[in-house]
Amino acid sequence: MGTVGSTDGIAGERHQLINVAYRLLGSVTEAEDAVQDAYARWYALPRSRQEEILSPGAWLTTVTSRICLDLLGSARARRERYVGAWLPEPLPDRTERDRAGGAGPTGPADPVDQIVLDESVAMAFLVVLESMTPAERVAFVLHDVFRYPFAEIADVLGRTPAACKQLAASARRRVSVARTPVTATGQADVVRHVKEAWETKDIAALVDLLNPAAVMTADGGGMVGTVLRPVEGGARIAQYMVAIADKAPGLELLERSVNGVPGLVAQRAGVVVTVASFDVSDGRVTRIWAVRNPEKLRPWAREG
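In this text, residue positions in the sequence shown follow UniProt numbering: the first is 1, and each later residue adds one.
What the hints contain is simulated information worked out from the structure, not anything from laboratory work. There is no bait here: all hints are sound.
The following label-pair restraints were derived from C-beta to C-beta distances:
1) 247 to 43: 49 to 57 Å
2) 232 to 36: 33 to 41 Å
3) 46 to 192: 52 to 60 Å
4) 184 to 161: 32 to 40 Å
5) 45 to 282: 49 to 57 Å
6) 73 to 165: 19 to 27 Å
7) 189 to 232: 18 to 26 Å
8) 235 to 118: 28 to 36 Å
9) 77 to 301: 28 to 36 Å
10) 268 to 46: 49 to 57 Å
Everything numeric in this text was worked out from a predicted model, so none of it was measured. Cβ coordinates follow ideal geometry from the N, Cα and C atoms, glycine included.
Build out the structure end to end from the sequences listed, making use of the hints.
Structure (structure tokens):
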């Protein structure tokens with residue numbers, strides 16, 4: 001967030017801003033819109049006002065975060081009207097996108113390619129962030145993920161640094177309840193076994209791979225058919241997965257990195273129709289998040 005005064009310097013902040021906004025909103029599209037709005041506000045300032053701002057990067061971060069805070073407030077109302085469960089937008093691994101045919105449709109500046117895939121974008125983590133109040137989420141993400149001081153976060157939230165510290169602590173307690181994920185290798189092994197059992201429609205093998213208390217949540221956004229409520233229990237999830245396989249001949253399952261963690265992608269006729277994320281504990285799947293809303297699968301259009 002150093003002092004950057006030139007146009008190039010301002011443009012160079014975009015990478016950081018996209019990363020902040022995606023973690024705050026869980027949506028690539030909304031994150032890009034928030035960042036564009038922040039830049040529009042910067043360029044709308046008189047030149048004399050721009051020159052008074054010692055750190056344009058800090059200014060842009062503050063404005064982007066405030067825009068995200070407003071969006072999070074309105075998102076609660078929007079998601080109450082959403083058909084079925086709302087899940088964050090899944091992110092493909094850039095190296096896989098490159099291998100599949102270059103950067104995204106908008107070229108090298110595609111915001112998806114600028115998002116750093118680390119534990120703070122894992123689906124399990126983003127889902128926990130969704131349970132926070134907007135103020136908790138902003139305080140926690142800016143402080144614990146991006147290491148911004150509470151004095152700066154106070155400016156975003158319009159609260160005292162002490163109040164922001166309390167918000168982050170409250171958010172941290174929610175995160176601590178969410179277990180630390182297994183290693184990528186351990187998760188990849190379990191996901192591979194799930195793929196094999198799913199392909200062979202082996203219900204017994206699926207039940208064995210699923211925790212008895214496992215929960216599967218699907219997001220179709222009302223645009224494609226899917227369960228509107230979470231499917232609970234390993235046996236019920238296994239039966240549902242096999243029923244899907246029966247109804248969808250020609251479905252191809254691929255092992256892919258989803259938000260930096262091993263997951264599965266389902267394709268039909270080369271088109272990605274489902275992206276599944278998993279949470280694994282003690283060698284068994286505890287959560288499955290299946291995103292089927294086509295609008296949330298746009299970054300996967302070049303997968304395959």
